[in-house]
Amino acid sequence: MTKAFQTLKGMRDVLPPESARRRALVDRFASAGTLAGYGEVVVPLVEELGVFERVGEATDVVTKEMYDFTDRDGTQIALRPEVTAGVVRAFVQHRPLVPWKVWYSGTNFRHERPQKGRYRMFDQVGVEVLGVDDPDVDAEVIALAVAFFAELGLRRVRLLINSLGDHGDRERYTEAVRAHLEARRAELSEAARDTLGRNPLRVLDSKRAEDAEAVRTAPVVADFLSDDAAGHYQRVLAGLDALGIEYEEAPRLVRGLDYYRRTTFEFVADALDAAQNAVGGGGRYDGLAEDLGGPPTDGIGFALGVDRLLLTCDAEGVFDAPQHTLDAFVVDLVGGDAARDLTHLLRANGFAADRRFGGGSMKAQMKAADRSAARVAIIVGEDEVAACEVTLRPLRDDGSSQRRVARSALVDELRAFLQ
RNA sequence: GUGGCCGUAGCUCAGCCCGGUUAGAGCGCCAGGUUGUGGCCCUGGAGGUCGGGGGUUCAAGUCCCCUCGGUCACCCCA
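Just so you know, the first sequence maps onto residues 0 to 418 in numbering that gives the first Met the number 0.
Heads up, some of the hints might be wrong.
To be verified - In the DSS-like style, the derived pairs of lysine-lysine whose C-alpha atoms are separated by at most 30 Å in a straight line are: (1) K115 / K63; (2) K366 / K206; (3) K115 / K206; (4) K63 / K8; (5) K8 / K115; (6) K362 / K115.
To be verified - Have a look at the derived ranges for each label pair, beta carbon to beta carbon: (7) G292 / R112: 29 to 37 Å; (8) Q114 / D26: 24 to 32 Å; (9) A386 / T6: 24 to 32 Å; (10) V97 / A185: 46 to 54 Å.
Hints in this document: simulated from the structure, not taken from any laboratory. Just so you know, even glycine gets a beta-carbon here, dropped at the ideal spot from N, CA and C.
Construct the entire structure; sequences and hints are all you get.
If you want it as structure tokens, here you go:
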């Protein structure tokens, strides 16, 4: 007996009807993006390793979670762990007119231990805007995400926001945090001490109780912002206020990717009791285009995790899978020709129609019709064939209004019935 | 990468602690009851390498080890 293969760890199949729900979610996102003037961008799932390394040398995402390997010609390549880097690479490569506003949906890969809401292969939807420094675009981007949550029916998603300042601000702040934490090294958890060496800001994200005090007393970025960065941040907040978008300032919100500058934000789902409750996040990455060999270009965007979004919808009891229903189900008692031909005829006329292969008893076919959730059964037996008619039996009531119609009038009769 | 819990029919699970005839249930599926009428009901049927490998034993779904997978938490992040 041959081995029965199964999906790799952390990777999943998505089958109907769940697949329809995912598609519906992406469709909604696409509409929201289009409405705001964003075009779809499709970038490769695989890039040169260097593209993703710009995401941050000190981050877990690139140091230990990347699916990287050597291509046949020796090139170091990797499956994308996120899409922003690829989109910015595309911007640098093609130099579209700015502002360049794009949305995307796609799959990413991170080699992590799976748990609820975290898989090795996961989908994200997101937007990016390149070439605009205006703080109003920060507000626009955030508003887009917030509107999308609302459209899904989500009510319990909180917006956390912070500013990390310009490059220089961030450096000075990082040093201050490092000094603060070094002075309290003894009281930190072992994991935190380890993180401190590589990336001091990340310690601020620690959930460990031992670290709480040191984190609580740590310097706050706000005190390190340049006038320029502070002004930008205030304008963003003013924009959110004007648009009626609620937010919580989170002075220690740092986020995992190194390229963030100035505005950073995160969306947290209160309905998720799991540890993985961040459904999305984003911010400015004003230096990234330059890091990828392009001209200095401002940029901002966000990414939302499709799996977590759907889990959140489950938790809030909203955005059910779209109910797929058929218009008609053909029941054939005369050998199969009618099922074959009528189903084809109905589909050619725009009706959603199906039948049962292999025929079977009338009971079996009616059962199949019922299960298909079709609105009406089209029954063809000896009597109907002899009279050049078909029986039209409604399936959503008790069927008492069943009647026979001329076969030549089927399309019109069905159309009238479905009105 | 670290730790806890869990892998028995398509699905949800019982059986495992205290090894012992043909491994069970509900749901689903198929068929019949009703030879031209679905949903409800009744009857019957198909379907299982007990995740995989090794060990202990006269005997392993049950005990031990390894391994793979799932799940939850840490870490990190969407």
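Tested hints:
1. Of the supplied pair hints, the one linking K115 and K63 holds, its CA atoms being roughly 20 Å apart against a limit of 30 Å.
2. Among the hinted pairs, K366 with K206 is inconsistent with the structure: their alpha-carbon atoms are about 54 Å apart, more than 30 Å.
3. Of the supplied pair hints, the one linking K115 and K206 holds, its CA atoms being roughly 18 Å apart against a limit of 30 Å.
4. A distance of roughly 16 Å separates the Cα atoms of K63 and K8; the hinted pair therefore holds under the 30 Å criterion.
5. Between the alpha carbons of K8 and K115 the distance comes to roughly 13 Å, so the proposed pair stays at or under 30 Å and holds.
6. Taking the CA atoms of K362 and K115, the gap is about 43 Å. The hint is violated against a cut of 30 Å.
7. Look at G292 against R112: about 34 Å separates their beta carbons, and that is inside 29 to 37 Å.
8. Checked against the given bound of 24 to 32 Å, the beta carbons of Q114 and D26, roughly 28 Å apart, stay inside it.
9. Take A386 and T6: their Cβ atoms lie about 53 Å apart, and the range 24 to 32 Å is violated.
10. Between V97 and A185 the beta carbons are some 50 Å apart, a value that agrees with the proposed interval 46 to 54 Å.
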